[in-house]
Amino acid sequence: MRDLLNDIDRWKSEGKRIALARVVDIEGSGPRDPGAAMAVNQDGEVVGSVSGGCVEGAVVAEALGMLNGDNQPRLVTFGYSDDEAFAVGLTCGGIIHLFLQPLTW
Amino acid sequence: MWRHYSSLLATTHLVIDVSLYPLFAQRTRENKPVALVTVIDGPNIGAMMLIAPGMDAQGTLGDSELDRVVARDTIGEIEAGCTSVRHYGPNGQITPEDLLDTPTVRVFIDAFSPPPVMWIFGAVDFTAALARVAKVLGYYVVVCDAREVFATRRRFPMADEVLVSWPAPLLASRGSDLGPRDAVCILTHDPKFDVPAIQGSLATQVGYIGVMGSRKTHAKRLERLAEVGVHEAKDLDRLLSPIGLDIGARTPEETAISICSEIIARRTGRHAPSLRDSSGPIHP
Numbered sequence: 000m001r002d003l004l005n006d007i008d009r010w011k012s013e014g015k016r017i018a019l020a021r022v023v024d025i026e027g028s029g030p031r032d033p034g035a036a037m038a039v040n041q042d043g044e045v046v047g048s049v050s051g052g053c054v055e056g057a058v059v060a061e062a063l064g065m066l067n068g069d070n071q072p073r074l075v076t077f078g079y080s081d082d083e084a085f086a087v088g089l090t091c092g093g094i095i096h097l098f099l100q101p102l103t104w
Numbered sequence: 000m001w002r003h004y005s006s007l008l009a010t011t012h013l014v015i016d017v018s019l020y021p022l023f024a025q026r027t028r029e030n031k032p033v034a035l036v037t038v039i040d041g042p043n044i045g046a047m048m049l050i051a052p053g054m055d056a057q058g059t060l061g062d063s064e065l066d067r068v069v070a071r072d073t074i075g076e077i078e079a080g081c082t083s084v085r086h087y088g089p090n091g092q093i094t095p096e097d098l099l100d101t102p103t104v105r106v107f108i109d110a111f112s113p114p115p116v117m118w119i120f121g122a123v124d125f126t127a128a129l130a131r132v133a134k135v136l137g138y139y140v141v142v143c144d145a146r147e148v149f150a151t152r153r154r155f156p157m158a159d160e161v162l163v164s165w166p167a168p169l170l171a172s173r174g175s176d177l178g179p180r181d182a183v184c185i186l187t188h189d190p191k192f193d194v195p196a197i198q199g200s201l202a203t204q205v206g207y208i209g210v211m212g213s214r215k216t217h218a219k220r221l222e223r224l225a226e227v228g229v230h231e232a233k234d235l236d237r238l239l240s241p242i243g244l245d246i247g248a249r250t251p252e253e254t255a256i257s258i259c260s261e262i263i264a265r266r267t268g269r270h271a272p273s274l275r276d277s278s279g280p281i282h283p
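First to last, the protein sequences are chains V and W. Quick note on numbering that gives the first Met the number 0: the first sequence kicks off at 0 and runs consecutively. Quick note on numbering that gives the first Met the number 0: the second sequence kicks off at 0 and runs consecutively.
Among the hints, a few may not be true.
Said to hold, decoys possible - Some residues of chain W that are not near chain V, with every Cβ distance over 12 Å (derived):
| no. | residue |
| --- | --- |
| 1 | Q25 |
| 2 | T37 |
| 3 | T82 |
| 4 | D124 |
| 5 | L169 |
| 6 | S172 |
| 7 | D176 |
| 8 | G206 |
| 9 | E226 |
Unchecked claim - Here are some of the chain W residues that sit facing chain V, going by a computed Cβ distance under 7 Å:
| no. | residue |
| --- | --- |
| 10 | A24 |
| 11 | M47 |
| 12 | W165 |
Hints in this document: simulated from the structure, not taken from any laboratory. Just so it is clear, CB atoms sit at the ideal spot from N, CA and C, and this is done for glycine as well.
Looking at chain V on its own, in the form it has when it is part of the complex (with noise of 0.2 Å):
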């Protein structure tokens, strides 16, 4: 999270509005633990990851339908089967669990 901070205070100035994506929890092995944050803006930009890349175009995806609809905040949880993990060159076939909020604090 701290490494979004300058990027978020901009984003902030700028009076964009702001989704964040934080890893709450995860189930097998994950690639990154709970705390790991990433921000999606209204345009589409990102930044801070919650993966290891491979589902963070999905997170983009929720986070400005979130934006742009009904801003409520949720949980997501993400998992893949073995094959799947294969197929977007995974490995580690666990699941994680995002709380998606839009930054309003």
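Using the hints, position chain W against chain V.
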């Protein structure tokens, strides 16, 4: 890839009347401990508090008793440097009986502790490489050498502090700041510096003490340490000397990786081969 959403329970949205982010950003930048507490499931999903030792909690999770109990637990998490999810009743209930007939509030405690500290004694070539690698790992790096010409900011721009000092005064004044997550690396190769640096470090709670030098240097150093009264096994066991893992490191950069790997392995309790525990030449 699959995904699902938690059931979006009927939520009454709390208006957060305090701005948490600016305070959070400020404390994080100042390396002061702080935690963000967020309801991630249950009533008031998205409600937040900011908790920091020595100040009033900011924000609310929607119930004063819940706030009080969570704030108390969070202080413990901050001290332990833990990030976790905890479960409560809507009014802060914690015992299984009390939780039976209530909705569960799942709370994410995102704790931020100050970065671990690495003190490096000796402003030598290896120091710059070690400071760089330590910065990558998130350490607050202090370089210390008594020789003014060597201990300069220009030689160690990556360090957070460059101090011209003998080891003893620094350890006496700031040694009590060191804890189990922190590291002292003694790279001076010179008994004038090594011995007081080791003595002073042993008097602290620091989790890692590594001392550079060949096996021959190490043997001589043990003699000098014995002369000043450092000979007990409980003390000598704390010294990782020769410093680093046995990975065949040769350059300053490789040596820095070998040292930092040893620090990680010691912290996690893994058995990676340390040079101390093997014999034979250090360099391949």
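Of all the hints numbered above, which does this structure not satisfy? Sort the numbers upward. 1, 2, 3 and 12
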